[in-house]
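Engineer: Chain residues, written in single-letter form:
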Amino acid sequence: RKEVEQDPGPFNVPEGATVAFNCTYSNSASQSFFWYRQDCRKEPKLLMSVYSSGNEDGRFTAQLNRASQYISLLIRDSKLSDSATYLCVVRALTNAGKSTFGDGTTLTVKP
Amino acid sequence: GAGVSQSPRYKVAKRGQDVALRCDPISGHVSLFWYQQALGQGPEFLTYFQNEAQLDKSGLPSDRFFAERPEGSVSTLKIQRTQQEDSAVYLCASSFPGLAGARSPETQYFGPGTRLLVL
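So the sequences go chain by chain: B and A.
The letter at position 82 of the first sequence is residue 82 when you use the numbering used here, and the numbering goes up by one with no holes.
The letter at position 42 of the second sequence is residue 42 when you use the numbering used here, and the numbering goes up by one with no holes.
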């Protein structure tokens, strides 16, 4: 069993749809949580950090449930440009050390 | 400003050949990470440096893999006697450690990767 698990998808949605991705992690000592976006044949780029109180950045909302060891990402009003793979990332420490990545969820937004 | 750069971008090696992959982190970034990403999977941690010190090499898959960062800036990942299963994208990331207790965790910035194909 992987330390960070995601539904691989693919998720195929029409423009304007709302889509949600889930992620579970097994290391209860994890301290930092992130969503990265990776376009085809490109490097991962930070989409947003995930805070315990939940946080929002425009059309993107991230939630963390430490008790259930569960992270989510909600994308509202999907755009064609949102098509990418979304990687859930967990780190044991806040300010140092390795990050553990899920295998990603692929999203395709269609016109 | 300049981001993380990696070279070469593409490398084709014959099985058994040694390869060296270079990473130039963002100037001033203390931490440097190497990851291996196989097709259809997320990046897997290989090793981590803070300045020139290699603090964690638990992800290196075998003793054929070696990484160094002798002056605390540029890093090289060397793979000896390459095998077909070494074919992957090798990603380098760098970060500047945040303050202890800071709410915002440090962000790792990735380079474009080196795509290694071992024939």
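Quick caveat, the hints were computed from the structure, so don't treat them as lab data.
Hints are supplied without guarantee of correctness; some may be wrong.
[To be verified] From the derived model, a few chain A residues whose C-beta atoms are all more than 12 Å from chain B:
| no. | residue |
| --- | --- |
| 1 | Pro8 |
| 2 | Ala13 |
| 3 | Gln17 |
| 4 | Ala20 |
| 5 | Leu21 |
| 6 | Tyr35 |
| 7 | Tyr48 |
| 8 | Glu52 |
| 9 | Arg64 |
| 10 | Val74 |
| 11 | Arg81 |
[What the hints assert, rightly or not] In the DSSO-like style, the derived pairs of lysine-lysine whose C-alpha atoms are separated by at most 27 Å in a straight line are:
| no. | chain 1 | residue 1 | chain 2 | residue 2 |
| --- | --- | --- | --- | --- |
| 12 | B | Lys42 | A | Lys11 |
| 13 | B | Lys42 | A | Lys78 |
| 14 | B | Lys2 | B | Lys42 |
| 15 | A | Lys57 | A | Lys11 |
Glycine residues also receive a C-beta, built at the ideal position from the N, C-alpha and C atoms.
Engineer: Against this structure, judge whether each hint is valid.
Structural biologist: Checked hints:
1. Pro8: holds, 15 Å
2. Ala13: holds, 20 Å
3. Gln17: holds, 24 Å
4. Ala20: Per Cβ check, Ala20(A) is outside 12 Å of chain B; nearest 20 Å; holds.
5. Leu21: holds, 14 Å
6. Tyr35: violated, 8 Å
7. Tyr48: The claim breaks: Tyr48(A) does not keep its Cβ more than 12 Å from every Cβ of chain B (closest is about 6 Å).
8. Glu52: Given that every Cβ of chain B is farther than 12 Å from that of Glu52(A), nearest at about 16 Å, it holds.
9. Arg64: holds, 20 Å
10. Val74: holds, 18 Å
11. Arg81: holds, 25 Å
12. Lys42(B) / Lys11(A): holds, 16 Å
13. Lys42(B) / Lys78(A): Roughly 22 Å between the alpha carbons, so the hint for Lys42(B) and Lys78(A) holds.
14. Lys2(B) / Lys42(B): holds, 23 Å
15. Lys57(A) / Lys11(A): The given pair, whose Cα atoms are some 23 Å apart, holds under the 27 Å limit.
Checked against the numbered hints listed earlier, the structure breaks hints 6 and 7; every other hint is satisfied.
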